[in-house]
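Chains as they are written, first to last, in our numbering: chain A, 1 to 108; chain B, 109 to 750.
Treat the hints as calculated values from the structure; they're not laboratory data.
Below, computed lysine-lysine pairings styled on DSS-like, alpha-carbon distance capped at 30 Å: (1) A:LYS105 / B:LYS585; (2) B:LYS375 / A:LYS106; (3) A:LYS105 / B:LYS356; (4) A:LYS2 / B:LYS230; (5) B:LYS585 / A:LYS106; (6) B:LYS352 / A:LYS106; (7) A:LYS2 / B:LYS375; (8) A:LYS105 / B:LYS352; (9) B:LYS375 / A:LYS47; (10) B:LYS268 / B:LYS187; (11) A:LYS77 / B:LYS538; (12) B:LYS356 / A:LYS106; (13) B:LYS230 / A:LYS106; (14) B:LYS356 / A:LYS47; (15) B:LYS375 / A:LYS3; (16) A:LYS47 / B:LYS230; (17) B:LYS375 / A:LYS105; (18) B:LYS585 / B:LYS356.
Pulled from the structure, derived: some chain A residues nowhere near chain B, Cβ distances all over 10 Å: (19) LYS2; (20) LYS3; (21) ILE11; (22) LEU12; (23) LEU21; (24) THR23; (25) LEU64; (26) LEU82; (27) ILE88; (28) ILE95; (29) LEU101.
Every residue, glycine too, gets a C-beta built ideally from N, C-alpha and C.
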Amino acid sequence: MKKFLLILNTILGFFSFSLLLRTDWMLSLCVFIFSLIYLFGIIDMRKNPQRIDAHLMVGGAMFLIVMCFVLLRDLSKSQFGLSLDHLIVILMGLIGFVQMLTIRKKFR
Amino acid sequence: MALRVALCGNPNVGKTSLFNALTGMRQYVANWAGVTVEVKEGIRNWRGVKMEFIDLPGTYSLSSFSMDEKIARDYLLYKTPDILIVVVDALSMRQGLYLFLEAAELDTKIILAINAVDEARKQGIHIDKQELAKHTGVPVVLTSAVTGEGIIELLDTILKITSFERKNLQFTFDSETEKSIQELQSILQLRESLRGFPLRWLSEKYLEGDPETVKLIESCQVQPGLLREKIAQERYKHIDLIIKEAFKTPGSELTMSEALDHVLTHKYIGIPIFLALMYMTFTVAFEVVQPISELIETLFRILADALGIFLKNQIVSSLITDGIVSGVGSILVFVPNIFVLFLVLGIMEESGYLPRAAFVVDRIMYRLKLSGRSFMSFLLGFGCTVPAIMSTRGISDQRERIITVLSVPFISCSARLPVYLLLASIFFEKNKGLVVFSVYFLSVVIAMMSAVFLNKILFKDEPGFLVLELPRYRMPKLRNLMLYVWHRGKHFLVKAGTVIFLASVVLWTVSYFPVNGDPANSFASHIGRVVSRVLKPLGFDWRISTALVFGIAAKEVIVSALGMFFGFGTELSFTTTLANSFSPVTALALIVFVMAYVPCFATLGTISAEVGKKYLLISIFYSLAIAYLLAYMTKLIGGFIL
Numbered sequence: 001m002k003k004f005l006l007i008l009n010t011i012l013g014f015f016s017f018s019l020l021l022r023t024d025w026m027l028s029l030c031v032f033i034f035s036l037i038y039l040f041g042i043i044d045m046r047k048n049p050q051r052i053d054a055h056l057m058v059g060g061a062m063f064l065i066v067m068c069f070v071l072l073r074d075l076s077k078s079q080f081g082l083s084l085d086h087l088i089v090i091l092m093g094l095i096g097f098v099q100m101l102t103i104r105k106k107f108r
Numbered sequence: 109m110a111l112r113v114a115l116c117g118n119p120n121v122g123k124t125s126l127f128n129a130l131t132g133m134r135q136y137v138a139n140w141a142g143v144t145v146e147v148k149e150g151i152r153n154w155r156g157v158k159m160e161f162i163d164l165p166g167t168y169s170l171s172s173f174s175m176d177e178k179i180a181r182d183y184l185l186y187k188t189p190d191i192l193i194v195v196v197d198a199l200s201m202r203q204g205l206y207l208f209l210e211a212a213e214l215d216t217k218i219i220l221a222i223n224a225v226d227e228a229r230k231q232g233i234h235i236d237k238q239e240l241a242k243h244t245g246v247p248v249v250l251t252s253a254v255t256g257e258g259i260i261e262l263l264d265t266i267l268k269i270t271s272f273e274r275k276n277l278q279f280t281f282d283s284e285t286e287k288s289i290q291e292l293q294s295i296l297q298l299r300e301s302l303r304g305f306p307l308r309w310l311s312e313k314y315l316e317g318d319p320e321t322v323k324l325i326e327s328c329q330v331q332p333g334l335l336r337e338k339i340a341q342e343r344y345k346h347i348d349l350i351i352k353e354a355f356k357t358p359g360s361e362l363t364m365s366e367a368l369d370h371v372l373t374h375k376y377i378g379i380p381i382f383l384a385l386m387y388m389t390f391t392v393a394f395e396v397v398q399p400i401s402e403l404i405e406t407l408f409r410i411l412a413d414a415l416g417i418f419l420k421n422q423i424v425s426s427l428i429t430d431g432i433v434s435g436v437g438s439i440l441v442f443v444p445n446i447f448v449l450f451l452v453l454g455i456m457e458e459s460g461y462l463p464r465a466a467f468v469v470d471r472i473m474y475r476l477k478l479s480g481r482s483f484m485s486f487l488l489g490f491g492c493t494v495p496a497i498m499s500t501r502g503i504s505d506q507r508e509r510i511i512t513v514l515s516v517p518f519i520s521c522s523a524r525l526p527v528y529l530l531l532a533s534i535f536f537e538k539n540k541g542l543v544v545f546s547v548y549f550l551s552v553v554i555a556m557m558s559a560v561f562l563n564k565i566l567f568k569d570e571p572g573f574l575v576l577e578l579p580r581y582r583m584p585k586l587r588n589l590m591l592y593v594w595h596r597g598k599h600f601l602v603k604a605g606t607v608i609f610l611a612s613v614v615l616w617t618v619s620y621f622p623v624n625g626d627p628a629n630s631f632a633s634h635i636g637r638v639v640s641r642v643l644k645p646l647g648f649d650w651r652i653s654t655a656l657v658f659g660i661a662a663k664e665v666i667v668s669a670l671g672m673f674f675g676f677g678t679e680l681s682f683t684t685t686l687a688n689s690f691s692p693v694t695a696l697a698l699i700v701f702v703m704a705y706v707p708c709f710a711t712l713g714t715i716s717a718e719v720g721k722k723y724l725l726i727s728i729f730y731s732l733a734i735a736y737l738l739a740y741m742t743k744l745i746g747g748f749i750l
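Sequences are here, hints too, so could you generate the full structure?
In structure tokens form, the structure reads like this:
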């Protein structure tokens, strides 16, 4: 399940990065960097299973921050129409929030 | 007479929080090491006894290598308090107990306060208080400055031990070390100049090679630093035994801090994550809050118009509307941005993330022949350059300290923010968040490059290692956040009512007279025209040049000055006049120049006090040269791009 989540989040992250690249290249760069957290989680998978949890938790937290950032910015510009690129970021933020809440209990 | 009680401990163990809890004061507390660089005092009356509490800077040992360590050590040695509370972090006992063993040799009564017990309990750590008291020979109190646990017990313990005779348990080394200590002690006993000093403590420090003690003892047939490693090894062996007996820790699974650190201080993605978060922080502070800033701007415009109608005298009307309201108002417009920026930075700092940035950047800093300790001062510089320069007291190497003092002013302090915001919102409206973030990023790059350059020119040495205890991650507390935002942001409001108010009146006077209301023929234009001869290659006319001259008093004054020089005698708003007066490239060159040129008066005073007048002069000419060079390069390169 954890591996699946890591792979899904990485793919979604890179997809979102490619969509945002045309409209907001700085935000797309941020999304790319946060997607790397999941990608490095896949690379770390063999070393220590608890590290996968760390990548999922921090990646989730970062996408939650990105989601809040996008919503706040749209709100300040009074742009409420949701585009596909923002929709994916919001979806990843929500997944990240659930991930974060579930996984944080596994650490001391 | 008040009972003098000093608090000492390792950096970031919660001494200042405990000090606040004991005295009821509100000293600024941060979730990172090195914030307290001076001695702070507070009074408390407890059960009829007056107590004077002293908060000492954090130190890892009583050997003094950096200035803040020296302050703590000297205070304990020369102004020995009646009672010393050694504060030890419950989650980082080893280093704390080392300091305790050193302090136990001083001629004072000691209480051991184990702080952050609430955090320890959360991690399943059990502390056996009785066992700890048995092994250390002093009263032990378990405290939590956050929840208030143990504070009353600590106050009562202070009262209780005042009536006892001093009876600290003395740590005994192996026979060979003990023999050396006692031999040296008997030599020192004969010295008149050392009468009154704790001689055993001095002997140990001398044998450890503590530079201050070696200087104090002067010539002696025993070689200084002879038993440095042996003494440290013996102490740690004893500490490990105490920990084994008094602490019970749970299994080996990762803690929350370890899990977060694994990703946030990652070798490859640690720095990009930090940069991405900083970009979002700046964008939130400048784009999201913009509607509130615009509302305040409108309110000031309405106020100026209303006052203009009521005031019949032309000079008084101009002084109040063009001078005071527009000068002070042009700064207050940016207060929401600044408060929100500090709120987000406060969350990052309070949560324990920001100090990780210093840790992550240390790898780069070491390659540049600097230690991450300099970066901590750079980080503080984002708020205000004055405390950033004061924080360099924590850098043990004097050469590295001077390099940092000369480089910190390049870091964009919050006073320069209104200038960036004003110009970015006029000339780069669509990308203002990005422009301001880039200027901040550039300021860090320039500060680091300056450090490398100075290191190569002035000194050719290897850097010191970063000894940085990473604070625990924690959920930021609303009260602490509010205090943080208020402490950092309030000086804008204070400045608006003092320096900027006065500067606005002076600016109005020099731009209104001698020809009533014609700035182009005013005193200001004469000053500006002289300076603009030098700044002409950068595209700066007399108005910008005069604004830059007045900006040395305080950087925010530049905004007031621009408002006045570009707002006088026109029907259009000053921002429109400003936009029509010069190109985006010149605006960018001006932003870069403001980022790097001479620091404000307060900073110059601090540089002089901390490292002397020689480096003050170097700082002024050095920053001017760098600013000119950078602005000129921006003008040249920007001309091709923009």
